[in-house]
Structures are given as C-alpha cells and as structure tokens.
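A.B. asks: Listed below are the residues making up each chain.
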Amino acid sequence: AQSVTQPDIHITVSEGASLELRCNYSYGATPYLFWYVQSPGQGLQLLLKYFSGDTLVQGIKGFEAEFKRSQSSFNLRKPSVHWSDAAEYFCAVGGGFKTIFGAGTRLFVKA
Amino acid sequence: ETGVTQTPRHLVMGMTNKKSLKCEQHLGHNAMYWYKQSAKKPLELMFVYSLEERVENNSVPSRFSPECPNSSHLFLHLHTLQPEDSALYLCASSQDRRQGGDEQFFGPGTRLTVL
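So the sequence lines, in the order shown, correspond to chains A and B. Under our numbering, think of the first position of the first sequence as 37, with each following residue one higher. Under our numbering, think of the first position of the second sequence as 257, with each following residue one higher.
It should be emphasised that the hints constitute simulated quantities derived from the structure, not laboratory data. None of the values given here were measured: they were computed from a predicted structure. The reader is advised that the hints may include incorrect statements.
As the list claims (entries may be wrong) - Listed next, the stretches of chain B that the computed footprint assigns to chain A, with coverage defined by at least 3 CB atoms under 8 Å from CB atoms of chain A:
1) 268 to 278
2) 334 to 343
Claimed, not checked - Keeping only pairs whose Cα atoms sit at most 27 Å apart, straight-line, the calculated DSSO-like set for lysine-lysine is:
3) A:Lys146 to B:Lys297
4) A:Lys134 to A:Lys104
5) B:Lys296 to A:Lys97
6) A:Lys134 to B:Lys274
We treat Cβ as the ideally placed atom computed from N, Cα and C, and that holds for glycine.
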C-alpha cells in the first residue's frame, strides 16, 4: 500500500541552525514527491517537488530536498533556519487525485 | 495570493443549522478538492471533482454535501453537523492529471466550529 511517514511529530531548532525533516514513503512505481508548508491559520503551500532527474531539488525559501531511492526517503533540508520558518511541514507522494500526505512535522524555532 | 479563495474564513454553527462553504479558484485548473484537517490527524481527503464531475468520495457522512457547478467553484453544504466535525476545511485545486504528478494549490481554509 502507498504511504508516507514523517517520523517526527515536532522538532525544535535554534534560529540560524540547520534543519532536516525526514520523510519516508512506500510507493509502487517511481514516485512523484512533494513538500508543502502550512503556516498557522493558512492553507498548504508547495515548497518543492521531485518528478525525475537530479535527485537534489531546490525549492522556495531556501529549502532543498534529496530523493534517495535506496532508502525510500525524501528529506527536507535548510542550512540556516529563520524564525519565520516556524510552521508545519507535510511530505506528500503521488500528486493530483493520487496524493497521499504525511501526518506532518511541526517546526518550532527558538531564538 | 495562492489563487484559491475560501469563504467564510471562520464559521460557528449549531448542530441544527445549515451552512455552506465556498471555494473559488482562479488558476484555470480542472480538478478541485475538499480536505478536512483536524488537530493531530493527517489531512483527510473528502471529495474530488474533475471537470465538475465527482470522481472520488472517501466515505464521507451524508451531512456533508458537495457541489461543483463549474470548474472554478466548489461548495460544501453542511447540515446537522456534530461537534466532532469541528475542523479546518481546506479547498485545493490542481491541473487534473489522474495518474498523479500534479501539485495542489490550497486555499486558506475555513475554520469551522460546531456547538
């Protein structure tokens, strides 16, 4: 069965520190992979997506993600976190009608 | 501006009321979605429309009734709701690729409270 797992319910990092949010997926074919961000009181916004090609994908707001087929992972990274990055982050696989979302990881940023 | 708008942003209703949520997309997409987002639970897909035809219904209670009069507008009609229906209701749209690969564009949501 297709699924997405985000192992961390919440993560706290200091402002200026690096960030990595984990995502593991189970999918029958070559996956379409996405990361979305949701700020408080808002809908989800696409950060980046992977369809094929280069396994390191650049997104908006300084985020990047790396697709590792051997580990079935698509982890999101940012070298230096800003206080405005505090939000909930969702990994998703599939796209369109077939989108499956992970449960989300809440990011807290401390000064 | 995401190109997907939702009204109202907040709604408080009693269990016997009837209300409707509205979603409008300005992106020229052909597919629209309703999601329910409850605290500490994953996003729940409720309904999917493609070119105004409902293509997926994930066993949602009949007290939720969707309507899609055209590819730009989507409604969710609510009646005799329960307190556990209190949640953030998100509308989304995508280009419409049934085999996947489409990113979705989300509205800001309607925060619904059922008393």
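A.B. asks: Against this structure, judge whether each hint is valid.
C.D. replies: Going down the list of hints, with the structure as the test:
Restraint check on the segment 268 to 278 of chain B versus chain A: 0 residues with Cβ-Cβ distances below 8 Å, three needed, restraint violated. Judged by the Cβ-Cβ criterion of 8 Å, the segment 334 to 343 of chain B is not covered by chain A as claimed, because only 0 of its residues qualify and three are needed. A distance of roughly 25 Å separates the Cα atoms of lysine 146 (chain A) and lysine 297 (chain B); the hinted pair therefore holds under the 27 Å criterion. For the hint pairing lysine 134 (chain A) with lysine 104 (chain A), the CA-to-CA distance comes to about 21 Å; that is within 27 Å, so the pair holds.
About 26 Å separates the Cα atoms of lysine 296 (chain B) and lysine 97 (chain A), which keeps this hinted pair within 27 Å; it holds. Under the criterion of a C-alpha separation no larger than 27 Å, the hint pairing lysine 134 (chain A) with lysine 274 (chain B) is inconsistent with the structure, at around 31 Å.
Checked against the numbered hints listed earlier, the structure breaks hints 1, 2, 6; every other hint is satisfied.
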